[in-house]
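With the sequences and hints as input, model every part of the structure.
Per our numbering, residue 39 is the first one in the sequence shown, and the count goes up by one each step.
Derived from the structure by calculation, the hints contain no laboratory data.
One or more hints might be untrue.
To be verified - Cross-link-like lysine to any residue pairs, in silico, SDA-like; alpha carbons within 20 Å at most:
(1) K285 <-> P301
(2) K285 <-> H235
(3) K285 <-> G325
(4) K284 <-> G300
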Amino acid sequence: MISWPGPPRTIGRPRPHRRRPHTPRRETVRNLSVPAQRTSSRTPSPQQRSQGSTQPYLTELVPGSVYAYLQPRGGWCVSNAGVLVGEDGVTLIDATATYAGARRLEAEVRARTELPVTRVVLTHHHGDHHFGAGHFTGSTVIAHEETREAMARNGIDLPAIWPEAGWDEIALRLPDLTFTDAFTLHAGAVRAELLHHGTAHTTGDVVAWLPEHRILFAGDLTWSGCTPFVLMGSVEGSLEVLDTLKKLDPEVVVSGHGPVEGPEVLDRTAEYLRWIQHLAADGTAAGWSPLETARRADLGPYAELAEPERLVGNLHRAYAECEGRPRGVHLPLKDPLADMIAFNGGPLHCTV
39 MISWPGPPRT IGRPRPHRRR PHTPRRETVR NLSVPAQRTS SRTPSPQQRS QGSTQPYLTE
99 LVPGSVYAYL QPRGGWCVSN AGVLVGEDGV TLIDATATYA GARRLEAEVR ARTELPVTRV
159 VLTHHHGDHH FGAGHFTGST VIAHEETREA MARNGIDLPA IWPEAGWDEI ALRLPDLTFT
219 DAFTLHAGAV RAELLHHGTA HTTGDVVAWL PEHRILFAGD LTWSGCTPFV LMGSVEGSLE
279 VLDTLKKLDP EVVVSGHGPV EGPEVLDRTA EYLRWIQHLA ADGTAAGWSP LETARRADLG
339 PYAELAEPER LVGNLHRAYA ECEGRPRGVH LPLKDPLADM IAFNGGPLHC TV
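As structure tokens, then:
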């Protein structure tokens, strides 16, 4: 858990950023007082995970009905998912970045139940969470209306950014059902409230809240072990939404990337974003560009988070908000992407 006595501040002179070699994050599932997960030949044991296994697996949160699908390798475009097993079918929360990823997810589900996937809930419009949805033919895809609009507008966009990432078959599967504020679905005895609280990571973020079990599938509103990213959303909005989610009083939080945690991940994500606001205020007052501010920043404990280059993209969004621009207003990707590559010292690593 990050402990930092106040936000790290900028320092007087730029420091060169040394590119760190990409290494898979080691997966840790904390003791959250949830039912013990079943282990099998398909599911790495806790001992295997602690030794750095990078294989995706399901971890059981509610016996026989609620699971988190975790991809320990992490990194850009490697996302988690949720699985709700009902009486007649399975509901997925996100669908991974490719059809190959969706097939791996499906295989893990099949190890628990023969029921078909009948619904796919999308937490937002980024392709690493939905490009695999088309694999689940016959399912109903559910998302916020802003997510559907962004998906239709952006199309299959990520391969243009990472052409060498190993994309296999992917397709654009637009949502069949959209909503604006809230939507409740039932998977057997499990009630899932799909909630939208405003612009945060994107303009159409949705969480899945299971009130009887106090489990929150947060999508990319929270980040576990990796750097948050709000370039397509809002720093201010993210902080407000995180405060709202904290009031739900969740006991278990499944982030869009990284291991399962407790409610502390809400606080840590908010702490990082408040630091971004401090940096942006310092940088704009000094007349520095987002990249200059990032290079002058003392990352402190945040240097240990994966994908630290996201700092620059976050500063582009925070600068826009310092200038009074609306939350979620479109920012062309060209300059933030170039700055992240410069901060990283080379191309951003992505292998799907």
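Hints, verified against the model:
1. K285 <-> P301: Roughly 10 Å between the alpha carbons, so the hint for K285 and P301 holds.
2. K285 <-> H235: Since the Cα atoms of K285 and H235 sit roughly 12 Å apart, the hinted pair holds (cutoff 20 Å).
3. K285 <-> G325: With a Cα-Cα distance of about 38 Å, the restraint between K285 and G325 is violated, given a limit of 20 Å.
4. K284 <-> G300: OK: K284 and G300 at ~11 Å, within 20 Å.
The earlier numbered hint that this structure contradicts is number 3, and it is the only one.
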